[in-house]
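Colleague: What follows is the residue order along each chain.
2 protein chains.
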Amino acid sequence: MSQLRDHLSQRALGVKQSAVRDVFDIAMDPNLVSLAGGNPWLDDLPLTELSQTAADLVAKHGTESLQYGTGQGTDEMRAAACTVMAADGIPDADPEHVVITPGSQAAIDTACRAFANPGDVVVVEDPTFVGALTTFTTWELDAVATGTDDQGLVPEQLDETLTRLKDEGRRVAFLYTIPSFANPSGALLPTSRRDEVAAICQKHGVLIVEDNPYGQIAFDGNPVEPIAARHRDNVVYLGTMSKIFSPGVRIGWALVPAALKREFYLSAESAFIHASTYSQMLSTSFVNDFDWTGHVAHVTQLYRERANTLVGAIREHWDPAVEFIDPRGGFFLWATLPEGVDTLEMMAEGIKAGAVFVPGAAFTPVEGTHSTLRLAYSFVSAEKLTEGVRRLAPVVNEAVARTR
Amino acid sequence: MSQLRDHLSQRALGVKQSAVRDVFDIAMDPNLVSLAGGNPWLDDLPLTELSQTAADLVAKHGTESLQYGTGQGTDEMRAAACTVMAADGIPDADPEHVVITPGSQAAIDTACRAFANPGDVVVVEDPTFVGALTTFTTWELDAVATGTDDQGLVPEQLDETLTRLKDEGRRVAFLYTIPSFANPSGALLPTSRRDEVAAICQKHGVLIVEDNPYGQIAFDGNPVEPIAARHRDNVVYLGTMSKIFSPGVRIGWALVPAALKREFYLSAESAFIHASTYSQMLSTSFVNDFDWTGHVAHVTQLYRERANTLVGAIREHWDPAVEFIDPRGGFFLWATLPEGVDTLEMMAEGIKAGAVFVPGAAFTPVEGTHSTLRLAYSFVSAEKLTEGVRRLAPVVNEAVARTR
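For the record, the sequence lines run as chains X and C. With the working numbering applied, the first sequence corresponds to residues 1 to 404, in that order. With the working numbering applied, the second sequence corresponds to residues 1 to 404, in that order.
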């Protein structure tokens, strides 16, 4: 046994079963109200019509849809990705610069493979996506946090962070950022800051990996123009079908600057050859043959109502000392309790009380205790949202009280 | 531009667009007879019945099949993988030890992530799968070739290779081997050698990654027991739906020793979260609801006829100085021309003559010229196979003549 474990790589030994993963396992308990998982709402997809497409893809196109495809992705899927990106706010993406991946986690992984050497730094907003942090660990990268407020990245702090890293002689592989309705914070980076962030990264010669799964889930119906829209040459832009259609098909993509595309594509191919041909064809059909923007508008409205319910319940049941970012889009509400509360500990009490959230420790590379937590409203009915907040209220309010 | 390219990692700069990839691009020309690509034959799948399954998966199970799944793979797909492995010759695989991946390339990649540190050695049979070589490059591993003959790995040479590497103080991450109807050689490692290989690796404390996509494509109907069947504790065994069902769904898996499973699974999750839920459910249905062994038997017979046609055409049209391994299963025929022939150069002449093969240089980490080539018969009609060999005959025969 111990000899067998000598086979493990340093990076494998370094990957921890994350707190969020533990939570997801626990959250399967049907007696709990889970505010943990950020699943999209799929019940309102046009499943009957889509099932006809799914059938045709096998009956009429099976020898294509079930066969090997090309490494960069089908022409049709890359064009469909450009259609989706146009709705994101990038009207002129070139399919030649798109690489299709089996979900955008694989695109994050490919970015590490293509741009990062072991020991490099990846600068991340704090808090950031837990899945990205895990990937950075497996590539033996140091995730260095840079400060955020309720509008996301703080440009001055980013400039300081990059200056400090340069002074320390560190190679920064890239800035990883989710500017629109971020996971986990829900924060929306204003346009002016986007330009500042781009200029700062340009000044420091640092590449930006812009991850935008939630950009179209804008409650006011107006996605904010991505950084890549105006600063294409220095941005690798990641998109996905997961939140606007289906995460189960595992289709994401990267829009890569021309000078870097070939290596990005070969790096991707070395990891998985190509994304499922069938999934690409089903996703292409969803974009080309269905009212996909109508579906996005519909679920966005649903998410907005759920976010409003959640905010209302928090205001009613939780101590007003709990601060939170009022969601303007996306799937998540980020709450900050008074300093001194350890939400990782609090999670166990929450589970005893019958509801589960993800503690903030999951979303930061910074060690120590954290008084933050994430609530996901995307997949939870209004009734359950209220019930979850109600169940957590004594746990939250007592934790707050103990800090006084 | 040059500044942008500074963003590339060392490994990305090291990944070459492979000769085989160039060939695949060229091979798309419909005027060429392509003996390059190892696609499975899908026309005889029960596409009409499968299309009903595909439809039901959306219409009746869409909120599950299109949703996020668990990182290790669905219970049902892991059980189906065990059913397939039982037919491979591993009757007692435990679904708990199976990790589903988006194709087995991703499983090879995960093995590197979980078991290899940068600078480690991976020992490979020579020749070996080009896709694995590319993956090893991206993980900054040294692929060290160990000798083979027409029955695959030569145990004595493996022992010498491992002894030498130990003397040199190198860490060997694992032996990567395709013992049954290997890509590209088609060689079948006899059972006695399998035990020897296992014993040698055990002696040296070296893990085995056994890749077995072709094991069931045995022309005599009797797959040879995998190394993992009798030496489970020291073998990570890779299986796939690609050759027995569909490569387009991108479903592969690893059967991992219990002591290593957790890290393997977390490494996989960090790369792609999970394989397509829909693809897993479609593949599960193929195994559970269809006569999948009947399909495998049918296509195996087809591949056997094609291999026979190819062998017959070579014997008729090519100089007898061309040696080759008579395929007993799988998709490929491996030919060796007299020393001094450079098949990479010859490829261009072959294309002018109207047919394309993959030169041996693609399949080896050993630099220099190679007189070997791979012909794929799996996807080519008997007529085209004969025509391809006939077109290549003057090119091959002149190259042989020049060595005299």
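Calculated directly from the structure, the hints in this document are not laboratory data. Honestly, I wouldn't trust all of these hints.
When chains are identical, the list treats them as one kind, so a pair holds in a single copy or across two.
As the list claims (entries may be wrong) - Straight-line distance between alpha carbons at most 20 angstroms, and here's what the computed SDA-like set of lysine to any residue pairs gives:
id, residue 1, residue 2
1, 166, 147
2, 384, 76
3, 261, 364
4, 166, 309
5, 203, 25
6, 166, 5
Colleague: So, for every hint listed, does it hold in this structure?
Modeller: A quick look at each hint next to the structure:
1. 166 / 147: Close inside one copy (17 angstroms), not across copies (48 angstroms); limit 20 angstroms.
2. 384 / 76: For residue 384 and residue 76, neither the intra-copy (40 angstroms) nor the inter-copy (29 angstroms) Cα distance is at most 20 angstroms.
3. 261 / 364: neither (30 angstroms within a copy, 26 angstroms between copies)
4. 166 / 309: neither (45 angstroms within a copy, 64 angstroms between copies)
5. 203 / 25: neither (43 angstroms within a copy, 39 angstroms between copies)
6. 166 / 5: Between. Shortest inter-copy distance 19 angstroms satisfies the 20 angstroms Cα cut-off; intra-copy 37 angstroms does not.
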